[in-house]
Amino acid sequence: RAGLVQTIAERSQSPNNSEAVYLVIARNGKVLAGHRNELTVKLPKHGGWIRYPSRDAPESDEVLAFVRALPGGGWLVSGRTTGEQERLRELITRLGAVSLVLLALLTGLLGWLLRRSINRSLTASLDTVDRVAAGHLDERVPERPGNDGFARLGRTLNRMLDRIQELVGGIQSSTDAIAHDLRTPLMRLKTRLEAVETSA
-2 RAGLVQTIAE RSQSPNNSEA VYLVIARNGK VLAGHRNELT VKLPKHGGWI RYPSRDAPES
58 DEVLAFVRAL PGGGWLVSGR TTGEQERLRE LITRLGAVSL VLLALLTGLL GWLLRRSINR
118 SLTASLDTVD RVAAGHLDER VPERPGNDGF ARLGRTLNRM LDRIQELVGG IQSSTDAIAH
178 DLRTPLMRLK TRLEAVETSA
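Residue numbers (our numbering): -2 to 197.
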């Protein structure tokens, strides 16, 4: 037992164990060694876990320790104050809340940018369609690089507008040819009518 008391005395003086609780307690309740002799609860006869408020640590700290019954009577208490864990848990909770807020803001910003990009693409396409409907058949949708939905839509619309312009051009050429072919017979008919009127 003397060796155990010496070991606990050394550990209790170590600056690296500021959060630790080490106690060697005799059968009569006297503290034989330990750097925190503020035990405030009754020790379980056969050992086990205990939790009690700490007197040395800050007000909100508690000690969580395991009690081991020693041969021949007495107890060995080893544990830690929970204050550092509680502060770490509180810090993690706050960081989690801040992360959620930042994630929500980032999601909102990305959504706004995506919506703006979609609106810009649709507006450009609709403006082109409106100008074509007004008779400007040489207008084309601005094409985007890539192979996403809007890029494919732009290319498809432009192919369709090319075909429409080609068909309208063909109709116009046919109409001009028909008008030219009818011009000579109509002129002859007009000349004859004028001659008939003159002779009458």
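Don't read these hints as lab results, they were simulated from the structure.
Among the hints, erroneous ones may be present.
What the hints assert, rightly or not - Simulated restraints on C-beta separations: (1) 8 x 89: 50 to 56 Å; (2) 107 x 168: 28 to 34 Å; (3) 115 x 175: 43 to 49 Å; (4) 104 x 141: 34 to 40 Å; (5) 161 x 112: 55 to 61 Å; (6) 46 x 104: 53 to 59 Å; (7) 137 x 168: 52 to 58 Å; (8) 86 x 0: 52 to 58 Å; (9) 99 x 131: 44 to 50 Å; (10) 112 x 90: 17 to 23 Å; (11) 187 x 133: 33 to 39 Å; (12) 186 x 123: 32 to 38 Å; (13) -1 x 99: 19 to 25 Å; (14) 68 x 101: 37 to 43 Å.
No residue lacks a Cβ here, since even glycine has one placed at the ideal position from N, Cα and C.
Hint by hint, here is what the structure shows:
The hinted window of 50 to 56 Å between residue 8 and residue 89 is violated, with their beta carbons roughly 29 Å apart. Checked against the hint of 28 to 34 Å, the C-beta distance between residue 107 and residue 168 comes to roughly 48 Å, which is inconsistent with it. Separation of residue 115 from residue 175 is about 47 Å and conforms to the stated range, judged on CB atoms against 43 to 49 Å. In this structure, residue 104 and residue 141 break the distance hint of 34 to 40 Å, their C-beta atoms being roughly 25 Å apart.
A hinted range of 55 to 61 Å for the beta carbons of residue 161 and residue 112 is inconsistent with their spacing of about 31 Å. Here the CB-CB span from residue 46 to residue 104 is close to 44 Å, at odds with the stated 53 to 59 Å. Between residue 137 and residue 168 the C-beta distance comes to about 20 Å, which lies outside the given range of 52 to 58 Å. The hint said 52 to 58 Å for the Cβ distance between residue 86 and residue 0, and at roughly 37 Å that hint is violated.
Checked against the given bound of 44 to 50 Å, the beta carbons of residue 99 and residue 131, roughly 48 Å apart, stay inside it. For residue 112 and residue 90, the hinted distance range of 17 to 23 Å is not satisfied, since their beta carbons lie about 33 Å from each other. Checked against the hint of 33 to 39 Å, the C-beta distance between residue 187 and residue 133 comes to roughly 37 Å, which is consistent with it. The hinted window of 32 to 38 Å between residue 186 and residue 123 is violated, with their beta carbons roughly 50 Å apart.
For the hinted restraint 19 to 25 Å between residue -1 and residue 99, the CB-CB distance of approximately 58 Å leaves it violated. The hinted range of 37 to 43 Å is not satisfied by residue 68 and residue 101, whose Cβ atoms lie roughly 59 Å apart.
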